[in-house]
Amino acid sequence: MTAQVSTQIYEGGFSDPVFGSQTVFRAVMDAMANPGRVIDLGQLTQAPAPLEPAAGAVLAALADYDTPLCFEAQNNADAAAWLTFHTGAPVTADRANAAFAVLVSRSAVGTWSDFAIGTSSFPDRSTTLLLPVEDLRSGKRLTLNGPGIEHAADIAPAGLPEGFASAMGENAKLFPLGFDLLLVCGSELIALPRTTRIMEN
Amino acid sequence: MTGTDALPAYNFAYLDEQTKRMIRRAILKAIAIPGYQVPFASREMPMPYGWGTGGVQVTASVLGPDDVLKVIDQGADDTTNAVSIRAFFAKVADVATTTKTTEATIIQTRHRIPETPLEAGQILVYQVPIPEPLRFLEPRETETRVMHGLEEYGLMHVKLYEDIAQHGHIATTYAYPVKVEDRYVMDPSPVPKFDNPKMHCSPALQLFGAGREKRIYALPPFTDVVSLDFEDHPFAIQRFEAHCALCDARNVYLDEVVTDDRGGRMFVCSDTDHCETRRTEGHRGTGLPQTEGGETASTSREAAE
Amino acid sequence: MYVAVKGGEAAINNAHRLMADRRRGDRNVPGLTIEQIAGQLALAVDRVMAEGSLYDPDLAAMAVRQARGDLIEAIFLLRAYRTTLPRFNNSTPIDTATMRIERRVSATYKDIPGGQLLGPTFDYTHRLIDPAMTEDGPVEPGHRRPVESDACAPRVTDILNGEGLIEPDVFSNAEPSDLTREPTEYPVDRDLRLQALARGDEGFLLALGYSTQRGYGRTHPFVGEIRIGMVDVEIDMPELGFAVTVGSVRVTECQMVSQFKGSAGVKPRFTRGYGLVFGHSERKAMAMSLVDRALRADEFDEQRLAPAQDEEFVLEHCDNVQSTGFVEHLKLPHYVDFQAELDLLRQLHEDTTTATIDDDQAPLSEAAQ
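Chains as they are written, first to last, in this note's numbering: chain A, 1 to 201; chain B, 1 to 305; chain C, 1 to 369.
Do not take every clue at face value.
Said to hold, decoys possible - Restricting the straight-line Cα-Cα distance to at most 30 angstroms, the calculated cross-link-like pairs of lysine-lysine (DSS-like) are:
{"hint": "1", "chain 1": "C", "residue 1": "K331", "chain 2": "B", "residue 2": "K100"}
{"hint": "2", "chain 1": "A", "residue 1": "K173", "chain 2": "A", "residue 2": "K140"}
{"hint": "3", "chain 1": "C", "residue 1": "K267", "chain 2": "C", "residue 2": "K110"}
{"hint": "4", "chain 1": "B", "residue 1": "K179", "chain 2": "B", "residue 2": "K159"}
{"hint": "5", "chain 1": "C", "residue 1": "K267", "chain 2": "B", "residue 2": "K91"}
{"hint": "6", "chain 1": "B", "residue 1": "K179", "chain 2": "A", "residue 2": "K173"}
{"hint": "7", "chain 1": "C", "residue 1": "K261", "chain 2": "C", "residue 2": "K110"}
{"hint": "8", "chain 1": "C", "residue 1": "K331", "chain 2": "B", "residue 2": "K159"}
What the hints assert, rightly or not - Across the chosen pairs, the derived CB separations fall in these ranges:
{"hint": "9", "chain 1": "C", "residue 1": "Y216", "chain 2": "B", "residue 2": "T142", "range": "18 to 26 angstroms"}
{"hint": "10", "chain 1": "C", "residue 1": "T352", "chain 2": "B", "residue 2": "Q18", "range": "51 to 59 angstroms"}
{"hint": "11", "chain 1": "B", "residue 1": "P139", "chain 2": "C", "residue 2": "R82", "range": "25 to 33 angstroms"}
{"hint": "12", "chain 1": "B", "residue 1": "R265", "chain 2": "C", "residue 2": "A20", "range": "35 to 43 angstroms"}
{"hint": "13", "chain 1": "C", "residue 1": "R144", "chain 2": "A", "residue 2": "Y65", "range": "24 to 32 angstroms"}
Claimed, not checked - Which bits of chain C does chain B cover? Going by a derived footprint, with three or more residues having C-beta under 8 angstroms, they are:
{"hint": "14", "region": "181-191"}
{"hint": "15", "region": "218-229"}
{"hint": "16", "region": "232-242"}
Rather than coming from a laboratory, the hints here were simulated on the basis of the structure.
Backbone N, C-alpha and C fix where the C-beta goes; we use that ideal spot for every residue, glycine too.
Using the sequences and the hints given, assemble the complete structure.
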């Protein structure tokens with residue numbers, strides 16, 4: 001596998017790791033604190049395909065030796081090598097042990113229950129999922145409420161997996177356990193933490 | 001070690017990047033599980049445990065070069081520890097600082113929430129000594145962790161009710177426990193219960209850091225925060241009869257200042273920015289002489305900064 | 001007229017300036033040098049390194065000077081520096097069997113292979129204040145024995161283990177836990193406990209170790225062996241395929257041979273308490289080994305009744321940087337909370353007065369204020 005990895009993996013990290021990762025973290029924190037808000041992470045990193053730029057930036061800012069990464073796609077060699085080179089994060093196939101998981105577009109929601117949802121004593125030990133979508137604004141309207149949302153927030157991502165809303169509903173029912181999810185598209189993302197309740201209109 | 005070549009050099013905002021990443025991940029999980037205390041590998045900081053090491057680590061991990069930082073202790077910007085922490089960040093992060101609540105993007109606090117309502121986009125970072133609300137009922141972490149897991153909070157209600165039986169009141173006046181999103185009982189840090197209602201559905205993001213106890217927790221904006229109480233003994237905040245002697249403010253938290261040894265006392269705003277802003281707007285309390293002497297008093301407070 | 005009695009930057013700066021002045025003391029007396037502290041107050045420096053968990057005698061000596069001899073303050077200085085250091089590598093376990101021994105005593109055997117070696121000890125000094133300490137008179141050099149090429153000083157516990165009379169050492173290649181990098185989750189394993197104890201406050205561990213001797217978690221201890229000396233620190237170099245020595249450190253090791261224990265299928269044998277501390281620090285190593293053994297109560301089905309056997313209690317309170325911070329933080333302003341308490345107390349007084357005037361009137365609730 002390593003033999004086929006291109007030299008691309010050595011490039012595209014933060015040109016200023018201290019301020020670059022701070023900028024991305026603050027944007028992700030803003031997204032998590034305000035579920036449903038579309039947040040642009042900018043172009044501080046250039047991750048190899050098929051990693052969405054936003055997913056690459058989130059992981060470059062937050063992953064390291066302590067956070068096993070899981071890739072759902074098979075064609076992830078470049079992306080995995082890029083992340084390991086820039087962050088030191090180990091790649092794992094063990095979903096229950098992954099701190100972050102990069103899903104494929106239209107990932108099968110039925111398999112998401114393999115990811116860590118934490119334990120009653122440590123609900124924080126759960127996977128953060130990064131789900132690529134086609135677009136964050138032109139899809140069917142979903143209404144959100146929960147912490148971080150004053151009354152209700154609308155999102156309209158396009159290209160969601162089959163059964164997305166009900167899978168997220170099941171996840172919310174597990175609270176305080178559950179995974180947290182980021183919808184990524186281009187350099188933008190929307191956070192859907194486990195507390196967010198989603199209603200199809 | 002020889003000479004100055006090995007003298008310490010520190011990263012932006014003091015903490016190394018790996019530590020910041022670890023704390024940032026803890027903050028994100030804390031936001032995803034409001035009121036739950038996320039364990040984190042707290043670092044030794046260059047100020048003592050108890051001085052705000054948890055708040056400092058949270059602020060250091062969140063802070064960027066464009067932020068404007070305000071630090072208060074007991075509501076005041078000019079208390080020694082607030083001055084010291086503000087100077088620390090001005091030095092290690094070269095960040096802009098302010099005493100104005102409305103100008104700050106990040107406010108680190110010990111024991112108070114500003115009187116001026118916070119706005120969306122602002123971050124309030126609390127310094128927390130004992131993050132576990134059940135700690136004084138059950139000293140063991142192994143036990144309290146299970147109690148949170150099972151949502152077993154009966155002991156807390158028993159304690160509050162025993163107060164009522166004994167004193168006719170709930171005898172908790174600060175660090176008054178709250179329930180978050182109807183799930184976790186949370187310690188609001190030792191703010192007076194006067195400030196508890198400000199936590200409920202605040203548009204600001206509230207982050208809590210406990211360094212010695214190695215816990216981070218959070219309240220996202222617009223989160224339900226309810227002070228524990230009973231139907232026949234509803235939660236109520238402190239009410240002061242007095243107005244601020246400097247700015248005449250009512251319905252604010254007041255510090256009692258002993259003026260002599262014969263029972264003389266006056267009350268002044270605990271929130272110095274709120275008080276100064278009101279005086280700038282022309283409000284005057286009864287404690288200020290209606291002469292130029294009054295100006296001397298207010299100027300000397302600012303000069304002490 | 002009201003003038004707030006509050007501190008400020010000027011007050012802090014003035015306090016620091018005065019503190020520096022007091023630290024320097026009489027300017028007619030030469031200032032202390034780092035060499036003097038490291039060389040002549042070496043045991044203070046050793047304690048700072050041990051509890052600061054950073055082996056650097058010069059830096060520890062600087063910290064002692066900066067802290068005006070307040071060792072907990074010096075430990076804190078070293079810890080706050082240590083926490084910012086990047087980690088390049090982990091050493092392989094040090095091998096105390098190959099220690100260049102300066103002192104070695106056993107209380108369990110009269111003579112042992114390699115011999116008993118008193119070394120630089122206070123043990124048999126008479127504690128009479130020595131007038132020679134007022135001046136800098138000549139001091140004779142110590143006697144040094146020639147190093148024998150076949151010198152061999154096996155650990156006493158290895159000798160006992162050869163006969164199957166003591167529980168064997170547990171070998172493990174697992175990466176040890178690190179309480180400075182991961183939040184502690186109880187119950188913890190022995191590796192993490194030993195780390196906490198090695199960094200723990202000497203006075204606290206001494207008192208706990210003492211309490212086990214007085215019946216609060218008794219373990220019937222014998223000093224199998226104490227050895228002090230230099231050991232090499234090696235790191236594995238995967239590129240080279242072998243370990244290389246990166247330096248050497250002075251350590252004190254105490255193996256406490258404790259209460260024997262047997263069970264179905266296992267013949268009774270002695271158990272171990274272990275202490276290992278940076279520098280020359282016998283008291284700390286001994287106290288640590290007593291507390292280590294006491295904390296192993298569960299392993300030997302002993303009832304946990306005494307403070308020294310209580311893992312969460314010992315580990316949460318043995319760190320003097322944490323303890324001193326939280327105790328001393330009480331001097332920070334708390335007037336907001338005190339005001340809240342005053343307010344309630346006055347309310348309770350009012351309630352009592354009201355109740356006395358009119359017994360039928362129910363106590364006022366806070367909402368009615």
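Here is how each hint holds up against the structure:
Our distance criterion of 30 angstroms between C-alpha atoms is met by C/K331 and B/K100, whose separation comes to about 27 angstroms. At most 30 angstroms may separate the alpha-carbon atoms for a hinted pair to count; A/K173 and A/K140 meet this at roughly 23 angstroms. At most 30 angstroms may separate the alpha-carbon atoms for a hinted pair to count; C/K267 and C/K110 meet this at roughly 26 angstroms. Annotation: proposed proximity of B/K179 to B/K159 holds, straight-line Cα distance about 15 angstroms (limit 30 angstroms).
Between the alpha carbons of C/K267 and B/K91 the distance comes to roughly 64 angstroms, so the proposed pair goes past 30 angstroms and is violated. A hinted pair counts as satisfied when its Cα atoms are at most 30 angstroms apart, and B/K179 with A/K173 qualifies at roughly 19 angstroms. In summary, the hint linking C/K261 to C/K110 is supported, as the alpha carbons are separated by about 24 angstroms, within the 30 angstroms threshold. A distance of roughly 28 angstroms separates the Cα atoms of C/K331 and B/K159; the hinted pair therefore holds under the 30 angstroms criterion.
Distance hint check: the CB atoms of C/Y216 and B/T142 are about 21 angstroms apart, consistent with the given range 18 to 26 angstroms. For the pair C/T352 and B/Q18, the beta carbons lie near 58 angstroms from each other, so the given range of 51 to 59 angstroms is met. For the pair B/P139 and C/R82, the beta carbons lie near 29 angstroms from each other, so the given range of 25 to 33 angstroms is met. Distance hint check for B/R265 and C/A20: the Cβ-Cβ separation is about 38 angstroms, which falls inside the suggested range of 35 to 43 angstroms.
Roughly 46 angstroms separates the CB atoms of C/R144 and A/Y65, a value that falls outside the hinted 24 to 32 angstroms. For the region 181-191 of chain C, the assignment as covered by chain B holds, since 7 residues bring a beta-carbon within under 8 angstroms of that chain's beta-carbons and 3 suffice. Only residues whose C-beta sits within less than 8 angstroms of a C-beta in chain B count toward coverage, and the region 218-229 of chain C has 0 of them, not enough to reach three; the restraint is violated. Check on the region 232-242 of chain C: 0 of its residues sit with their Cβ under 8 angstroms from a Cβ of chain B, so the three-residue criterion for coverage is violated.
Going through the hint list in order, the structure does not satisfy hints 5, 13, 15, 16.
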